[in-house]
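*Asks:* Turn these sequences into a full structure, and let the hints guide you.
Chains as they are written, first to last, in the numbering used here: chain A, 1 to 274; chain W, 275 to 581.
Worth flagging that the hints you see were computed from the coordinates, not collected in a lab. We treat Cβ as the ideally placed atom computed from N, Cα and C, and that holds for glycine. You can take every hint at face value.
Reference excerpt, derived from the structure (chain W facing chain A, CB under 8 Å, subset only): (1) Ser-280; (2) Asn-281; (3) Leu-457.
Derived DSS-like pairs (lysine-lysine); straight-line CA-CA distance at most 27 Å: (4) Lys-359(W) / Lys-494(W); (5) Lys-498(W) / Lys-359(W); (6) Lys-429(W) / Lys-359(W); (7) Lys-494(W) / Lys-265(A); (8) Lys-261(A) / Lys-498(W); (9) Lys-384(W) / Lys-10(A); (10) Lys-282(W) / Lys-102(A); (11) Lys-413(W) / Lys-55(A); (12) Lys-261(A) / Lys-384(W); (13) Lys-306(W) / Lys-105(A); (14) Lys-105(A) / Lys-282(W); (15) Lys-265(A) / Lys-384(W); (16) Lys-436(W) / Lys-413(W).
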Amino acid sequence: MMRRKRTVGKVFSHSFLAVWVVLCLFPIYWMLVSSLKDNQEILTGIGLPTQWLFKNYASAWGKGDRVSLYLLNSVIDTASTLVITSLLGFMSAYGLLRMRWKGQKVVFTYILTGMMIPMHAALYPLTVTLMPLSRSHFSLIIPYAAFNIPITVLILSGFITSIPYELEEASCIDGAGIYRTAFTIILPMMVPAIATSAIFVFLQVWNELLLASVFASGDLLTLTMGIKQMSGQYQTDYGGMCAALVIATLPSMILYCCLSKQVQKSLIVGAVKG
Amino acid sequence: MKRVLSNKWSIAVFVLPTVLFFTYIVIIPIIKTAVYSMLSEIPAIAKEDSHFVGLDNYVTMFTQGKRNAWWNTDLGTSAVINSLKYAASSVFIQLPFAMFIALLLVNGVKGESFYRNIFFIPVVISSVVVSLLWQRIYKDLLPNLYDILGMQMPKGGILANKDTKMWAVFIPVLWQYVGYHMLLMYGALRSISTDIIEAATVDGATGARLAFRIQIPMIKPMLKVCLSFSLIGSFKLFDTPWILLERSNKSLPALSMYIEMFQNHKYSYASAQAMFIVVECLIFTVLLNVLFREKKEKYSLPRKETA
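*Replies:* If you want it as structure tokens, here you go:
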């Protein structure tokens, strides 16, 4: 009796989960097959394409002025942001949690309050402050980096306090200065934590729309804003649009496929950001 | 050693760049927004002509009458109420659903890591891609589905019809974030000591009873994170509705703020709306903290005596 009840339960949970797997994957499957079809076929069926139209990708990729350009811009913005947040995040986490001084707790709390502040609230003054930079990548890199520093510091802080102080003592006795100790002894040990924070920041920045909608224009359009604009022009070419969506999704997808554990971990740690 | 670690000069080198940068780009703009929200309208960016008006902009937000999208006398269409509706659907539909999946996975289903990895895929996709993808689904696929089911499409399409609009925006958001909440809850459920679960099972608690009496109460801290995540997410919701709904739609606070700011150039009024969103988020954060502190004291398990 008990056993039978359990089998029923198992069948139920598996079928429930299977339904959700299908619902989860169907839009992605549909995006993939639509990117290889023409309009007529997209509108009439959900099966595999009869003719695989790879030219949709070619037309979305463009001659240096479409998705290829947006992709390049997003890579530049995201990579620069990651370098800044990782470097400043590490340095300030070191200074705030490793070194000894009055007021370190206050400054730490001050930086963490930044996590509670939505970008919406700073939007207009930022557009004024960053106006002189509006024709360069810095108009996005600077606010992206600044708004992602608090979460980076938080993630790193959990890790940096667990490193034994003996390391610093030893390197101090060996005659290394504080900068050398921080950058050649502690920094290499922090790589896993920096990777965790970097993955979180990567997903935040790569997918950001609000600031990009204000600062990115013309040649500086990022992927999110670029494909949003394309959706206007491409109203008549659904296949090309879907191809653009696939291209925009690929980088984060590849990251997730290679490092799914890491990605999940960093999003769990980053969830406190809200 | 100690001298090295409290050298003022090196502390400044480590900490000061970040503090200055953060202050200049994050904190000062917030303060400016707060100030602008209490000024009379700023013509363009020069602010010579504006003067202090106190909370007038905030009052205007809530008293403009029938044609005001922010707070309408006809409550059904106001931005603030809409965002509360999203918050409610998120809390009462999305979170229980995520919890259910997390419980199924944690209570021993074969292939749980396979399921978990699949459910998490939508989370890493950009919300812009998700919205555009669902836009295509609504336009290209849904009419066929309605045809097959022999039903009529809602008037004007699912994204324009005022009864279906909200759900048309909610579904992509749900689809994208269920996996996130599921993973958070799953992680917390996993970390409950197996001793406790075993003891409860020996005592005869299984299934729903085990879930409601033991597992859910024990992951309250994570529930708080999920709740604040979905509440704040709803108040700030921008990407999905901005893409899915027609231009100049002001049916949500962030949309309204954006349009007042960049289309109508009413900077002070938009700043007041931005501040309202911040304050709303803060109020609910505090509220959740209070709520979860009380409950924790009432129901916490008695400390294990160490013999």
